[in-house]
Every structure is written in C-alpha cells, then in structure tokens.
Amino acid sequence: SQTIHQWPATLVQPVGSPLSLECTVEGTSNPNLYWYRQAAGRGLQLLFYSVGIGQISSEVPQNLSASRPQDRQFILSSKKLLLSDSGFYLCAWSGGAADTQYFGPGTRLTVL
Amino acid sequence: GNSVTQMEGPVTLSEEAFLTINCTYTATGYPSLFWYVQYPGEGLQLLLKATKADDKGSNKGFEATYRKETTSFHLEKGSVQVSDSAVYFCALSPQVSGTYKYIFGTGTRLKVLA
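Respectively, the protein sequence lines represent chains A and B. Just so you know, we're using our numbering here: the first sequence kicks off at 1 and counts up by one. Just so you know, we're using our numbering here: the second sequence kicks off at 1 and counts up by one.
A hint or two may mislead.
Covered by chain B, according to a simulated footprint, are these stretches of chain A (three or more residues, beta-carbon under 8 Å) [to be verified]:
#	stretch
1	42-54
2	66-74
Derived DSBU-like pairs: lysine-lysine, alpha-carbon spacing no greater than 30 Å straight-line [what the hints assert, rightly or not]:
#	chain 1	residue 1	chain 2	residue 2
3	A	79	B	111
4	B	101	B	60
5	B	101	B	68
6	B	111	B	49
7	B	111	B	77
8	A	80	B	68
These are computed hints drawn from the structure, not numbers from a lab. Glycine included, C-beta positions come from ideal geometry on N, C-alpha and C.
All chains should be built: construct the whole structure from the sequences, respecting the hints.
Here it is as structure tokens:
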C-alpha cells in the first residue's frame, strides 16, 4: 500500500531564516505530487504541483519554491521566511491528474 | 470558473443527531466530487467520493450523492458520534485534460457533544 511522509511535523523559525520541508511517498512510482498551505481557520491553497522529476508548476507567486530531485521526493523551500509563511503545509500525491489525491500528515510552521 | 461552496460552521450537534453539511459546486463538464475529513492537528483523509451524476459515495456511516441537477454533494450521517468532531472539506476535480488543481471548499467544523 502507498504511504506518504512529511517532516518535520512542527517547526518554529525566525523571520528571514531558510526553510526546507520534505515529503516522500512509498509504494507507488511516478506519482503526481502537490504542496498545499492551510492558513489558520481557512481552506487549502495549492502552492505547487509536479508531474515528474524536475517538473514543477507554481500556482501562486510567493516567497516559496519547490523541487523534485527524485521520483517520490518533493521539497518545499524558502531562502528567507516571512511572518505570512506561517501555516499548516500539506503534501499530497495522486496516481494521475484526475485521480484521487491522498494527503500526508502535514507540517505546522510558525514563523516568529 | 470552478468553485465549491460549503455551509459556514461551526456546526454543533449532540451525539446521535442527524448531520447534514451542504456543499454546492460550479464546474464545467463533469467533475469528480470528494469529501475529506481533517482531525485536529492532522492531514486530510479521503472520506468518500463520487465520479458521476447520481453516484452515492459512502464510508463510515457518511453518505453523499452527486446531484448534477442541483450541482450539490451534501454530506449526511444518520447518527453522529463525538469521534466525528473534525473539519470537513468538500472538493472537486475538474476532470479536464491537463488540469491538476482540486478546488476545495473552505471547510466546515463539526463539533459533537456527548
């Protein structure tokens, strides 16, 4: 069966510091991968998606970037965090564009 | 464009009460529809889905029927439990070639009291 992991689970970072969140999927190959952000009390905002290694599409211009160095690894990064980057970051995968998306446990990021 | 509208929460019910969370959508073509549940501090879990008109998705006592004529996908459960307390998200997948973006509603928080 497929599983999706995210780490760290929680992170507290100062403004201006760098960020790296990692997501890995097991039990499937060539998944579509997604990064979402959920601000407190709000819905989900799609940040990036990837259909293959090195292929990244950005949905919203922002202070963040994403990379996919391996088939089942998806990384969310920032060079300098802003207060507004605080939130709950969710990684998801699907078998294809129209397939069901399955979510990881999330990373709660607090920028102080 | 595509959109999902959910009823505003929070919804507070007593245990064993009947639950309805309304969800309506706007979409071109024939989207797939989903309900996800998010327990405190956790990621989203797929609760149920329906891929075509008149399909009924069901899981763990929850049901939702894909109504194309009313563009709705309301979530129902006959008897809620305290453990059902969570945030529920309605979502659609446009099913358009090359489109990867799910459209999520803003979520409805459910609180069930013992």
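We went through each hint and held it up to the structure:
no. : hint           : in the structure
1   : 42-54          : holds (count 6)
2   : 66-74          : violated (count 0)
3   : A/79 <-> B/111 : 39 Å, violated
4   : B/101 <-> B/60 : 27 Å, holds
5   : B/101 <-> B/68 : 21 Å, holds
6   : B/111 <-> B/49 : 23 Å, holds
7   : B/111 <-> B/77 : 14 Å, holds
8   : A/80 <-> B/68  : 46 Å, violated
Violated hints, in rising order: 2, 3, 8; the structure is consistent with all others.
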